[in-house]
Every structure is written in structure tokens, then in C-alpha cells.
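Undergrad: The residues making up each chain are set out below.
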Amino acid sequence: LTGLFVWRLRNTGVRQIPCRFVRLYHVANDRLITFQYFNFLKRMYVTQCNKDLSQRAKPKSDSVVCPFHELQQLDQEKKIVHKISPVSPVHQSETSSRKELREMKSAAETEDSVMPVGAESKEDRQWKEMKLRLDDLPGILARLSKIKLTALVVSTASAGFAMAPVPFELTCFLLASLGTGLASCAANSINQFFEVPFDSNMNRTKNRPLVRGQISPLLAVCFAASCGIPGIALLTLGVNPLTGALGAFNIFLYTCCYTPLKRMSIANTWVGAVVGAIPPIMGWTAATGSLDAGALLLGGILYSWQFPHFNALSWGLREDYSRGGYCMMSVTHPGLCRRVALRHCLALIGLSTVAPVLDITTWTFPIISLPINLYISYLGFRFYRDADRSSSRKLFFCSLWHLPMLLLVMFTCKKSVQEKEDKGNLSGESHETAVEIRLP
Amino acid sequence: PPAHSHRDWIGPPDRLSNLRPVIFYVPPEESALERRLREARQEAQASNQRFWARHNRAFRQEKEEFIYSRLKAKGLEMRDESGQKATLNAEEMADFYKDFLSKNLKKHLQYNRDWYKRNFRITFLMGQVALVRALRWLRWRKKNVQQ
Chain A
1 LTGLFVWRLR
11 NTGVRQIPCR
21 FVRLYHVAND
31 RLITFQYFNF
41 LKRMYVTQCN
51 KDLSQRAKPK
61 SDSVVCPFHE
71 LQQLDQEKKI
81 VHKISPVSPV
91 HQSETSSRKE
101 LREMKSAAET
111 EDSVMPVGAE
121 SKEDRQWKEM
131 KLRLDDLPGI
141 LARLSKIKLT
151 ALVVSTASAG
161 FAMAPVPFEL
171 TCFLLASLGT
181 GLASCAANSI
191 NQFFEVPFDS
201 NMNRTKNRPL
211 VRGQISPLLA
221 VCFAASCGIP
231 GIALLTLGVN
241 PLTGALGAFN
251 IFLYTCCYTP
261 LKRMSIANTW
271 VGAVVGAIPP
281 IMGWTAATGS
291 LDAGALLLGG
301 ILYSWQFPHF
311 NALSWGLRED
321 YSRGGYCMMS
331 VTHPGLCRRV
341 ALRHCLALIG
351 LSTVAPVLDI
361 TTWTFPIISL
371 PINLYISYLG
381 FRFYRDADRS
391 SSRKLFFCSL
401 WHLPMLLLVM
411 FTCKKSVQEK
421 EDKGNLSGES
431 HETAVEIRLP
Chain C
1 PPAHSHRDWI
11 GPPDRLSNLR
21 PVIFYVPPEE
31 SALERRLREA
41 RQEAQASNQR
51 FWARHNRAFR
61 QEKEEFIYSR
71 LKAKGLEMRD
81 ESGQKATLNA
91 EEMADFYKDF
101 LSKNLKKHLQ
111 YNRDWYKRNF
121 RITFLMGQVA
131 LVRALRWLRW
141 RKKNVQQ
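Residue numbers (full-length UniProt numbering), protein chains in the order written: chain A, 1 to 440; chain C, 1 to 147.
Simulated from the structure, these hints should not be mistaken for lab results. Here the structure is a predicted model, which means the values were calculated and not measured. Careful, some of the hints might be misleading.
Unchecked claim - Across the chosen pairs, the derived CB separations fall in these ranges: (1) A58(C) <-> S265(A): 45 to 53 Å; (2) R136(C) <-> D135(A): 56 to 64 Å; (3) R385(A) <-> E65(C): 26 to 34 Å; (4) G316(A) <-> E64(C): 18 to 26 Å; (5) A245(A) <-> E92(C): 42 to 50 Å; (6) I367(A) <-> Y68(C): 51 to 59 Å; (7) D386(A) <-> E39(C): 49 to 57 Å.
To be verified - Derived lysine-lysine pairs resembling DSS-like cross-links, with alpha carbons at most 25 Å apart: (8) K72(C) <-> K206(A); (9) K74(C) <-> K107(C); (10) K206(A) <-> K128(A); (11) K394(A) <-> K98(C); (12) K206(A) <-> K63(C); (13) K206(A) <-> K98(C); (14) K206(A) <-> K117(C); (15) K63(C) <-> K117(C); (16) K63(C) <-> K103(C); (17) K98(C) <-> K74(C); (18) K72(C) <-> K98(C); (19) K72(C) <-> K103(C).
Think of the CB as a built atom: it goes at the ideal place given N, C-alpha and C, for glycine as much as any other residue.
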């Protein structure tokens, strides 16, 4: 009976995943990001690092199972396998062998007299057949494309779209978001494809699909191509060529520059910050079709934000980075790491002040955003001075809510299109009416 | 993995290298292309295993030595009164991490180049094998339909 329970649990677990996507997408496309979303983020400890996705509140990695126990389990499984195989038909059609395997797996689980949670970690220690299961595929592809990170990237792109000083067009917005999302999926999949042995050695990333052999590298590449090509095509043809070019450039920058550079020099952080800054620029160009100062400012804000965010995150991962061979500032130049984080926190204040000068927002924006910018700068200063785990964690978690809030405030302080038009037409209109009155 | 299985099997992460070993299935009528693919994957697996096992072992050893030398310099023992293993805090370990990374950088650069080459080659071979299999299946389908 416990076996059946475990089996049902596994099934329902898989089926639940699609709903979670839908919920996330709704939230991401909602310009008014609610506070519940922040809490959700905080609880999940998801990082908006365009480089890596992590779940910080990770349970301590599985303690070493007693080797004898492990062997006993394998033996048991072997016995079950041998018991079932003579009974079921030997014919090798796809569906029947899949059913056969399902029966074997459920039988194996019946023998497991452990709780459902324990069963998962035990399964991790077992030999698994390298076969693609279609019902697992959505979950696998979601993890391959780092779907949560993609959702956050799409939300920054939609922020860029929303801030553009043009009337809002729904179809353009949806096309731009979809294209950006597909491009992000493609880039993330290629990144995982390149990094299999390194991911297996780091605690944060050792459960990725390619590392676990749930999907073949060929399929990962095909998936990336089938997301990236339609995504870029959608952006180029459905929105405008500039956005498409930016999307393609971003994919290239992330997969061919940032990923190899991670293991070669600390310059990867700056490249990665550019990767993170491009999506809002894409959103802006999708709306207006041109690269204005406003787009660059928005990109600049995201560029600066990346540094406190990533530097704080990497402070706690120094051991894994060192062993894995990743060149990160936190390992090789810790002083620089903290200086840069602080520098860019202060830059955020400066950039927020420039926004009204460029006519993107009203002057209320720098004033309202000053508290949160000052707070993150304060945490950045604490991180700079103390350089310990607690200050880095504080800075990191602050960055998680700081960005959505900043973008939200920016949007509410956006200079409305009407205002600008009115100001421009004021002189012209009075002239026209004057002429009209005189005519009849 | 069971003897009658027609697929590859992947196991739990290796204790030393953290990589998951794969046992490859050798079909009776394996074509030359498929054999090249399997051998490339086996070679890559062996090479990765060697590299990471050696690298991780070196890391663990050097970490122990570092902790020992630092504790000695501070005048402490490896284990304190309660028998717990004494550790250094993150800031003191940071020097070790920095050192270790810079020492191994060249080794990593070489390994990266190697790994990327292997990865591309294996994926390309996989693509070729998949294509050949698809064409074969289409031909078989056409023959069956005609019959």
C-alpha cells in the first residue's frame, strides 16, 4: 500500500508542474508585481542571476548512505527485475516496454519501506535507465531552460516595454515577451549543455537534467535550437529587427562569451552584467523601435544591479567555485568584489536621478526611490566593511526585492505620454485655433 | 543494470569525482558509426573521471594540510576537547581557495578545451546516429506500407 501511495505521489508531482508555470507566467506578465510575489521569491530563495539559478534553502546534501544498505537495495531491485522479466512479454515495442518499466519501478518502490521523502533520496542513489519518459519531459525541459529565471528575465523585458514613452500595444507586448522568453530558454539550455561536468561538482547545480542523465545532450541542443530560432524569428519579424538582433546578440554573449569566460577570467562578471542589462533594452526597442537614451538608462540600472546581487551571492559559494575552477572575484579578488558591489549600489542612486532628466519619469522617482537605494547602498557598505557571510546574505536578499520594487516605482512615476504630447502641442495648437477662428 | 536491458544505464554520483557513471549498451548489430559514438562517450567518461577524481582528491588533501598548518600556527589542535574536528572560518579559508584556484588555473584551461572538443564531437556523432536511425526507420516504414 505504501508503494502505491509513493507511486501516486510521484504521478501527482509531475502533473502539478504545468500549473506552476502558468501561475508564474501570469505573475511575470503582470506589471504590478505584488508583494506576495516578493514573499514567494524570498521563500523559494530563487536568484535572478542570469548566470545560475539556485535554491538557497537547500537541505544538506544527502548523507553518505551505508554502503551495505545500498548494496542490499540494489540486490533487492535486481531480484525484483529478474522476477518480473520472465512474466511480461519480451517484445520490444515502445509502449509495452515503457509500461513494463513502470511496473518494475512501482514494484521496486513497493519494496522500499521508507517515507516518500526518503524514497526520493534513495532513488537518487540507484541506477537508472537512460530513457526519456514523455510524462517527465515538461519538468525536465523546465529545469533545462531554468524556467524561473526565464520568467524573471521576461518580467524585466516587460518592464522595459512598459517604460517606453509610447501608447501600450498588447500584441506587440505579448510577442516581445514570448520572443524574449524563448531566447532565454535557448541560452540557458546551451549553458547547461556546456557545463555538465562542472555542474555535477557543485552542490547548487548537481541536480540538473543533463547531469542526471535524464536527457541526452543531443536533445538539449535540439530543444535550444527549437526555442532560439523561433524566438529570434518572432522578435525580428513580429516585433522589429532591432529587438531580434539584440536577442540574438544576447544569446551569443551568454553562451559563447560568458560561459567559457567563467573559467578563464574574472571579466565574466561584467559580461554577465551586460547579459542581464539587455532584456529591458529589448523591451524598450520592441515598443519604440529605436535605441533611445531611456533604453540605455534602463539597461544601465539593471547592469548596476547585477553587481551587488551576484557578488553577494558568490561570497557564500567560494569553496565550490574554487574547487570547480570558476574564476570569480569573490575567490581571486575579494577586495575588488566588495568594492565593485558598493560602487554599483551607489551608481543606482545616480542613475535613478538621471531618469527624470531624460524625461522618462517625473522628479518624484528619485525622491521615492531614494530610501530603497540608500538601504541597498547601506547594506553594500556593510558588506564592504564586514566581508562576512551574514552581510553578504543580507545584501543578496535585499537585491531580490530591491529590483522589482525599483521597477515598480519607476513605472508609477512614469511620465505619461499625454503630458509630453500636450507640452509639445501647446504652442502649435494655439496657433492653429487662432487661424481657424479668423477664417469663417 | 539488468542483463536484458537494451538501453544505457546511469548510476549515482561517484564518491570521488561526483560524476555519474554510465554503462553503455552494446547492441548486437552495432554499426561503425554507433561504435564510434559509444567509444567517444566511454573515452570522455574515463577522462572526466580521471581528472575530477584526481582534482577533488588534491583539493581535499590540500585543504586538510592548510587547516592543519593554520591551526598549528594558532596553537590549536585538530580536535578540541569535545572531540569535534576544528575548522577555520570562511574568511581564513578564503586564502586557501584563492591559492588553490590560481594554482590550478592552467590545468582547468587545458581541461576546458578538451571537454568542449569532446562534448561537441559526441553531440555531433549523436546527431549523425539519430539521423541514420530515422532514415532507416522511414525506409522500413515505406517497405512495410508497400507490402
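Undergrad: All hints, please: hold or fail.
TA: We went through each hint and held it up to the structure:
no.: 1; hint: A58(C) <-> S265(A): 45 to 53 Å; verdict: violated (23 Å)
no.: 2; hint: R136(C) <-> D135(A): 56 to 64 Å; verdict: violated (27 Å)
no.: 3; hint: R385(A) <-> E65(C): 26 to 34 Å; verdict: holds (32 Å)
no.: 4; hint: G316(A) <-> E64(C): 18 to 26 Å; verdict: holds (22 Å)
no.: 5; hint: A245(A) <-> E92(C): 42 to 50 Å; verdict: holds (48 Å)
no.: 6; hint: I367(A) <-> Y68(C): 51 to 59 Å; verdict: holds (56 Å)
no.: 7; hint: D386(A) <-> E39(C): 49 to 57 Å; verdict: holds (54 Å)
no.: 8; hint: K72(C) <-> K206(A); verdict: violated (35 Å)
no.: 9; hint: K74(C) <-> K107(C); verdict: violated (32 Å)
no.: 10; hint: K206(A) <-> K128(A); verdict: holds (16 Å)
no.: 11; hint: K394(A) <-> K98(C); verdict: holds (24 Å)
no.: 12; hint: K206(A) <-> K63(C); verdict: holds (22 Å)
no.: 13; hint: K206(A) <-> K98(C); verdict: holds (23 Å)
no.: 14; hint: K206(A) <-> K117(C); verdict: holds (22 Å)
no.: 15; hint: K63(C) <-> K117(C); verdict: violated (31 Å)
no.: 16; hint: K63(C) <-> K103(C); verdict: holds (13 Å)
no.: 17; hint: K98(C) <-> K74(C); verdict: holds (21 Å)
no.: 18; hint: K72(C) <-> K98(C); verdict: holds (21 Å)
no.: 19; hint: K72(C) <-> K103(C); verdict: holds (23 Å)
Hint compliance for this structure: hints 1, 2, 8, 9, 15 are broken, all remaining hints hold.
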